[in-house]
Amino acid sequence: MINKADKSITDVLSQIKDGATIMIGGFGTAGQPAELIDGLINLGVKDLVIINNNAGNGDHGLAKLLKTGAVRKIICSFPRQSDSWVFDELYHAGKIELELVPQGNLACRIQAAGMGLGAVYTPTGFGTLLAEGKETRHIDGKDYVLEYPLKADFALIKASKGDRWGNLVYRKSARNFGPIMAMAADVTIAQVSETVDLGELDPEHVITPGIFVQHVVQIQPASTEPASDESASTATTATA
Amino acid sequence: MINKADKSITDVLSQIKDGATIMIGGFGTAGQPAELIDGLINLGVKDLVIINNNAGNGDHGLAKLLKTGAVRKIICSFPRQSDSWVFDELYHAGKIELELVPQGNLACRIQAAGMGLGAVYTPTGFGTLLAEGKETRHIDGKDYVLEYPLKADFALIKASKGDRWGNLVYRKSARNFGPIMAMAADVTIAQVSETVDLGELDPEHVITPGIFVQHVVQIQPASTEPASDESASTATTATA
Amino acid sequence: MSHTSYTVLTRDQIAERAAQDIPDGAYVNLGIGLPTKIAQYLPDDKDVFLHSENGLLAFGPPPAKGEEDPELINAGKEYVTMLDGGSFFHHGDSFAMMRGGHIDICVLGAFQVAANGDLANWSTGATDAIPAVGGAMDLAVGAKKVFVMTNHTTKTGDPKIVSELTYPVTGKNCVDRIYTDLCVIDVTDKGLAVTEMVDGMSFADLQALTGATLIDATK
Amino acid sequence: MSHTSYTVLTRDQIAERAAQDIPDGAYVNLGIGLPTKIAQYLPDDKDVFLHSENGLLAFGPPPAKGEEDPELINAGKEYVTMLDGGSFFHHGDSFAMMRGGHIDICVLGAFQVAANGDLANWSTGATDAIPAVGGAMDLAVGAKKVFVMTNHTTKTGDPKIVSELTYPVTGKNCVDRIYTDLCVIDVTDKGLAVTEMVDGMSFADLQALTGATLIDATK
Chain G
110 MINKADKSIT DVLSQIKDGA TIMIGGFGTA GQPAELIDGL INLGVKDLVI
160 INNNAGNGDH GLAKLLKTGA VRKIICSFPR QSDSWVFDEL YHAGKIELEL
210 VPQGNLACRI QAAGMGLGAV YTPTGFGTLL AEGKETRHID GKDYVLEYPL
260 KADFALIKAS KGDRWGNLVY RKSARNFGPI MAMAADVTIA QVSETVDLGE
310 LDPEHVITPG IFVQHVVQIQ PASTEPASDE SASTATTATA
Chain P
110 MINKADKSIT DVLSQIKDGA TIMIGGFGTA GQPAELIDGL INLGVKDLVI
160 INNNAGNGDH GLAKLLKTGA VRKIICSFPR QSDSWVFDEL YHAGKIELEL
210 VPQGNLACRI QAAGMGLGAV YTPTGFGTLL AEGKETRHID GKDYVLEYPL
260 KADFALIKAS KGDRWGNLVY RKSARNFGPI MAMAADVTIA QVSETVDLGE
310 LDPEHVITPG IFVQHVVQIQ PASTEPASDE SASTATTATA
Chain U
3 MSHTSYTVLT RDQIAERAAQ DIPDGAYVNL GIGLPTKIAQ YLPDDKDVFL
53 HSENGLLAFG PPPAKGEEDP ELINAGKEYV TMLDGGSFFH HGDSFAMMRG
103 GHIDICVLGA FQVAANGDLA NWSTGATDAI PAVGGAMDLA VGAKKVFVMT
153 NHTTKTGDPK IVSELTYPVT GKNCVDRIYT DLCVIDVTDK GLAVTEMVDG
203 MSFADLQALT GATLIDATK
Chain Z
3 MSHTSYTVLT RDQIAERAAQ DIPDGAYVNL GIGLPTKIAQ YLPDDKDVFL
53 HSENGLLAFG PPPAKGEEDP ELINAGKEYV TMLDGGSFFH HGDSFAMMRG
103 GHIDICVLGA FQVAANGDLA NWSTGATDAI PAVGGAMDLA VGAKKVFVMT
153 NHTTKTGDPK IVSELTYPVT GKNCVDRIYT DLCVIDVTDK GLAVTEMVDG
203 MSFADLQALT GATLIDATK
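Those protein sequence lines, which keep their order, are chains G, P, U and Z. Oh and the first sequence: position 96 is 205 in the working numbering, straight run, nothing missing. Oh and the second sequence: position 133 is 242 in the working numbering, straight run, nothing missing. Oh and the third sequence: position 1 is 3 in the working numbering, straight run, nothing missing. Oh and the fourth sequence: position 106 is 108 in the working numbering, straight run, nothing missing.
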């Protein structure tokens, strides 16, 4: 019997080693798996490659991870923000490598990995600095840049509810990169606000089927947002 | 005010002209938009290119369309079935062109069109008859075939419920090609068993957002399956 | 920069002007910053569908105070609400909407627009600046129509509408129309066609404030 | 074909044997036809997740009579049911599961398997036959492990396990293990290693029924 929700954060994260490539979900703080990132900081692994849309905000979460010096390289679309001082300082000091990827290419490269494609010709970035040195091709009247899949050893994502088979549903704009990162990583670890019994998630409404998820970790609701206006399904606590 | 559900089948289909490329949803009969296909037969357009997983079953639906001689070419993955005699006869008589595409390449090429990609390197078919004459590339230890997007002028699909903005939900394995075909056609026409008021479809549960759908046509439930064990949402008739 | 007798549009007035050109039923992405203001001026009798990169379609105005949901934000990380008939989806589908040509109009800010429709809005090329691109390049190449909304000149009076870009390009030949505080310009095969000017503006004055040759198409 | 004293497995027995090698928690696609039978022999104490190309994960046994739902079918167009914890998805996501390496095991039928793991199961190359491929090529290249389930020889006694394919290839070097009515064979770098034979079968007899050199790995 498979129970993907039977381990603690510490146990689940302990499989991550130095040098790992890790996708982290979230767009700004929505969908950012804050507790998993804290766990990663506590784990103390080094030389990481991080794939995220941003490069951290303020002094918490991803920014805090960067501050520990654990991250060798970040692959993202929008590192510069008003509160991205941690990344800014590391970058200017030459202490972190940046691969800047247009957001649509980032999404598409992650999807290509999940789908098993070898490469894709994407429309974005042609003729710009971000396509310099890349192969291009004119197809059916339009110019494209050849981009390669972005895979990861691990994906750390945040969902709303999960079950012991790893099925996930998300909440509002916190969905963002979660579903596609889950498909592109060897091991996907999802933190959820609620673990539910098998069968409670309607098969029509599952957003990430369990095949893409290896571990589900429930976070105590108190430590996340205030109680939310969740949709109608019964909120029984899982036995799983 | 936008109401994509205000036209009859006849009015909606009248925009389809001779020579059109048309995607038709369905895997076998599940998800096949039978009433739209009947409407297409009545319309009497010719020289069509049809994209579907199969090439028709029995004497109804797609098979009936083929029988009228309206279809110049079919792009599909599995034409040969125990009850595909209509296609078989046309094919052997040299009266229809067949482009045989592995099912995953079919899905992926449809997705590539919807996503705006120029081409993709796919793993399927390398070294086989179906990749003959196609560009290939060795990427990161694996061989791939270059495949181009499949676009269409129209997609005819079947969904379970829709609203006046074109949002759709599907039912069980009738979902199959519907969502990806809707993304790859200039004009998507969805037949639904039920039209619901705006707001009745939970934004978390919408499978095809309205941006991908231009027309919604409600089919009288009596003419489709027997009453089904639909999920819990209230089944009021739409005013839309 | 010598203002003679013409009226300069406020940021809100530019937004209001641009809003008039968005038709019923349009799927629209409003870029972060100035373009976001357009949402306030969309007429109630039209269904305009606002898209946000982070997975929202048909979102609505900001929530009432105290109703903010940290998991319901737009691409500018502002709190929003959802309209009845809206939907959520992941980043892959969201950028398929943009790159697959499903968005009718996107409105972007600009550092510079060139006479051929090249857009620069993601980097000034300053060597010590941290580059950040977000979804700008995807919107520039993907939307059916790209509108730019910008002040006509920089704060120091330099033209932002130029014959050729001096800043790094975001998208080639992508801009269709420019809304500034002084005028509306269509980017055409023949060049930059001025279709409207603010009250009191003369074509000669406008040309003097512009770094590319303009065509007078106001009649 | 001279049966001496060995027992030939029935189709159900081959399925039962293959089922034993499917571990708890495996994501499995059972090809249309013979492999479908494996589902009946999966032990109840294991969670084995059955995937179907047409958008099902964790589907269950056929429905009771009268409970058939024309919109709940598997890739073989047979009526199925859903287990608690199952899910529906579109063809794009379904083939991402297959081609992206997320399916642990697929079990396919075969016309021929070559010594190097090449599989032929979609076309006999007959010139008047209508070609049809379905998802076979996608499964062959995408699943982590590809098992083949087949009779050891054709109805006319010709070997199906051959040194080189004579039928058109479905996938190159893709087969990992072969279950026949006579034996179990692992496809290894060194060749075809026979790990099990039916009662009464001698290695020499098995080799005589096979069109490729076998390695005896039964000890």
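It is worth saying that the hints were derived from the structure and are not from the lab. The beta-carbon is built from N, C-alpha and C at its ideal position, and this holds for glycine as well. Where hints are given, some of them may not hold.
Chain Z regions said to be covered by chain P (calculated; three or more residues, Cβ under 8 angstroms) [unchecked claim]:
#1 34 to 48
#2 63 to 73
#3 87 to 98
#4 125 to 138
#5 164 to 177
(request) Report the numbers of all earlier hints that the structure fails to satisfy, in ascending order. (result) 1
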